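From these two lone chains plus the hints, build me the complex, please.
Keeping their order, the protein sequence lines are chains X and C.
All letters in the first sequence, in the order written, are residues 1 to 258 by this note's numbering.
All letters in the second sequence, in the order written, are residues 1001 to 1350 by this note's numbering.
No wet-lab data here; the hints were simulated from the structure.
Predicted model only: the values in this text are computed from it and were never measured.
Think of the CB as a built atom: it goes at the ideal place given N, C-alpha and C, for glycine as much as any other residue.
Under 10 Å between C-beta atoms, here's a sample of chain X residues computed to sit facing chain C: (1) P153; (2) A160; (3) S161; (4) G165; (5) W168; (6) N179.
Far from chain X, by Cβ distances over 12 Å, these chain C residues were calculated: (7) V1024; (8) G1037; (9) V1117; (10) Q1202; (11) T1235; (12) E1240; (13) L1266; (14) A1282; (15) N1292; (16) S1299; (17) F1300; (18) P1316; (19) A1327; (20) G1333; (21) R1334.
The residues making up each chain are set out below.
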Amino acid sequence: MTRRKVFGGVFLALVGLYFLLPLAAAIEFSLRDVGDTHSLEVWKTLFQQDGFVTNLLTSLKLALGTVALTLLIMVPTVTLIHLRMPQFRRTMEAICVLPLAIPAVVLANGVFVAFQGAPPWLNGTPVILCLEYVVLSLPFTYRALDAGLSAIPVVALVEASRTLGGGWATALLRVVVPNLRTAILNVSILAAALALGEFTLASLLLMDTLPVWTVSAGQSNGAVATAASMLILIVSWVLLLVMSVLSRRRSRTPRRSR
Amino acid sequence: MTVLINEKAASISLTGITRSYGAVRAVDGLDLEIASGELISLLGPSGCGKTTALRIIAGLEQTDSGTVVVGGKDITRTPANKRDMSMVFQSYSLFPHLSAADNVAFGLRLRGVKPAVRRRRAIELLELVSLDHHADRYPSELSGGQQQRVALARALAVEPKVLLLDEPLSALDAKVRIQLRDEIRTLQRRLGITTVFVTHDQEEALSMSDRIAVMSNGRLEQCGSPAEIYSRPATPFVAEFIGSMNHVPGIADGATVTVSGSRLPLSVPGSGAVTVLIRPEAVRLTDDPNGNTTITTISFRGPVTRVIGRLDDGTPITADLPSVQAASFAEGGRVHVTYAEEPVLTKAAD
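Chain C on its own, in the form it takes in the complex (with noise of 0.2 Å):
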């Protein structure tokens, strides 16, 4: 197989990016630094102003106000076309009139290149994704994975500077979306493309990015790798977006927060009543008649179980333990709820 490293990856400089649509800010003064070769994901919950930013990337939608630098050339308005860079789109987007290896030459024939020439090289990408065999199939013959990894060698034949990639897995089955997101992050690696990927889903993104910029209500909320964003989130919307929280009232003192009885370190200070977000696997659990908490359900989920208890107060509580150290938990039971000291995020109390 041609090895296709590109060697036109820019970096991406993205500063005060606004755009409203009416009284709406679907982006509301976004800074952020992408460096050439990153892969990085915009990620937040529908409405968060992520697609949006992206299509700023892209030229398909304008800025209000703000600048988009790529590889130090100041591209705000500069037309879609003009920017040398591609997109791969939820929609798949291929042109139904094309067969798979005629989609993939399609940037190359705007671009004057012979048709020998791009068809092999249409072959050459469609063999890097795996469909060398179905060039000549039009997309209505292909499956939703195929299509998508057509539209994958379509963005890159033209070998662009950056890579924009908008939610492409969200119409895919479960399976296919796992091993497309696997492959994804296998040819951004080996190409070293500049990517910016959308999704709503923290799983994608945890598992595929350098680094995720959470974003929520059109701003950026968090910037990290993914262990950064999961183990110390910086907000509370973070937090709670990223992996599952549990949601339990404490008493804040500066540094610290009593909670069920348990002092821990505040990851931002604070006073009087609060909620104190734990995540479930920060959960201790140790067998107590006389303990603080009542197991309602246990669910096993392999290597880790889960187990559900109320607290005496009434708030429910949920740990992620090891099978192995569940296994001596009943339903029913009587459990003394202790949390790892670590810092915790804290909100208003409900």
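For reference, chain X alone in the conformation it holds in the complex (with noise of 0.2 Å):
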């Protein structure tokens, strides 16, 4: 083995350390049992404690709609970007990353403030979060679509598409999206881990998420909130491997070097 091999090698032990250390601690921590035993108590209870499995539900419903909602929005604005105003795109992401500067407790006060006077299934719902978490979610997501159309002649297919006879609805649907399947994917999985993850504006809005019930039942029971928030992140997880599978498997294409 080369000295470089090595070097990598160990460099790569410590940074998987270094993010693998805390994860394996709550989770020993999540199975401690009476005295110096461990045991899967914690995590057979954790389904039916009070609130639990609602907040798990309107966390996935949350996730799921800040997804739809997001690459509705996004893919055509991105594209429509690349494709007419591509003078915009600088401006566009200095927009988009607006949500990293803006604290929570602004961005909460903002939207209580705004709608104030908004219809009851939008004021006070969780619709109103998930719209919080597309606007949240935009720093990732632009760039994960501008990059992904930048890597396509976006363009050239679009123009081709259009003089096959194709309409713009044919040319977003037939061949940008096709061809950002990769770029979606990685927005879908951004979107919904910011979605299933994110506490302070729930909080601060009052929501009930599972961060939010997993903060409260930490109160009375460390090791009920490490579960459930190792749950989150396993959720994550599997959602992302789910993803990355379908998408492998719907991806045709070889890609080959040219």
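Laid out in structure tokens, this is it:
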């Protein structure tokens, strides 16, 4: 083995430890039982905990809604920018980074004020949180789509589709979307992960989501809260795995170099 | 092989087409009549407006003024997807997620043709470009030339009224370019499809076209058959852009010009000191120790030999001679230069 490989291996192991050690510790903690023994007791009782399932479902619905809404809004928007207004790419990027710079408290207050007169199906319901998460995930989703669109000759492909008789919808659905599969998958993962794990805004807007439930549960039972947060992580990872398997199965295009 | 005669081929009539980008007039009052079934090349240097003109015909760009009439119908404001034309792009623009056959069938799918029928038709068209054995390959598995053939089949599959080719050969290497050039011409003739071909390559234009429209600065300089454009250029721009030209000083006197001691008829009357444009093949050399020129370089090019010399006034002169004739000359030798008695063009003296 060369020195470079050894160094690479050591570096990888260190980084791995940095990420995995806290996770391992948390899992170990959630498995602790009376005395020095370990058991699945906490995990077994997790689903019987008051409000756990309801909040888990709320979070999953939120994730689904956020992903759907993000794709629905962002794919056509970013495509349009690439096709017709490439000069606004930088501006758009700057705007999309804003959510990172605005503190959650400010955002929550903004939502309170802006939606004061909103209809009851919106105000004080997870729907409003879903809208917020679409905005919060913008810094990541915009970049993922922008990179995906930059990697394909989108203008030429759309023009080819148009000269063959396709309208804008055809161009978007049959030409752009199939070629953006990887970017769309990335966007979905990022948006879902954000919606599943976001705490501050949900808490400030007094919504019941799994992260909010986890924090309040943690005040009475640390092990349950730890197990719940591990579950959020596992659900996110499973989602990620399912999506990437799905995308690989559907992707018939061989990726060979030219 | 199935015979695929296009019965929809239509004439095109461009009137007063103008398109500006800011202060730049990309196309400036372009008038052009293209007959049904004709292959016309828009030829010119980059930035001359040829691609813009093609994109206006396709509907991918809008005109500021003027009209586009195809098959007697004004389509100036018709969107690109309703024009019943198809286009082949320089960058191939095949859909990367579709196989060659699916790419070819794309336009048919949009027209609601049943899967089995469009598959059969796609294979027929791939046969036409000798790629039926690659029907299930993806664009990334095909060479540039193969991709462009698929793009051509895709464009022909929808039986368009007009076929638009936007420098389709520019990205290919020389050998493939010549091969595909001949294939396009053969197919175009066989299908009788009205074709507009944009190129900056004069050789391509000369060898493929029924007519060539030479453009410069957004304007049409001359439109005519390849022979006409080459042998009777209407403007100094066309003369210099097509083939090569000697620039020899002369004195114009109404209908004639005196150049290196010879008197030649003028295409356009003029007077005073001018630069005369003379094709290398119109230069005649005779062995003469007291001649007006010294030979500097002789380069053999197969059937033709290029002899480069310097007139006594310092003007460089190039002559293309049949190699048999050129054999009698030697580098450093003295010759007398005269010119073929053909009408010549002039431009303002340098």
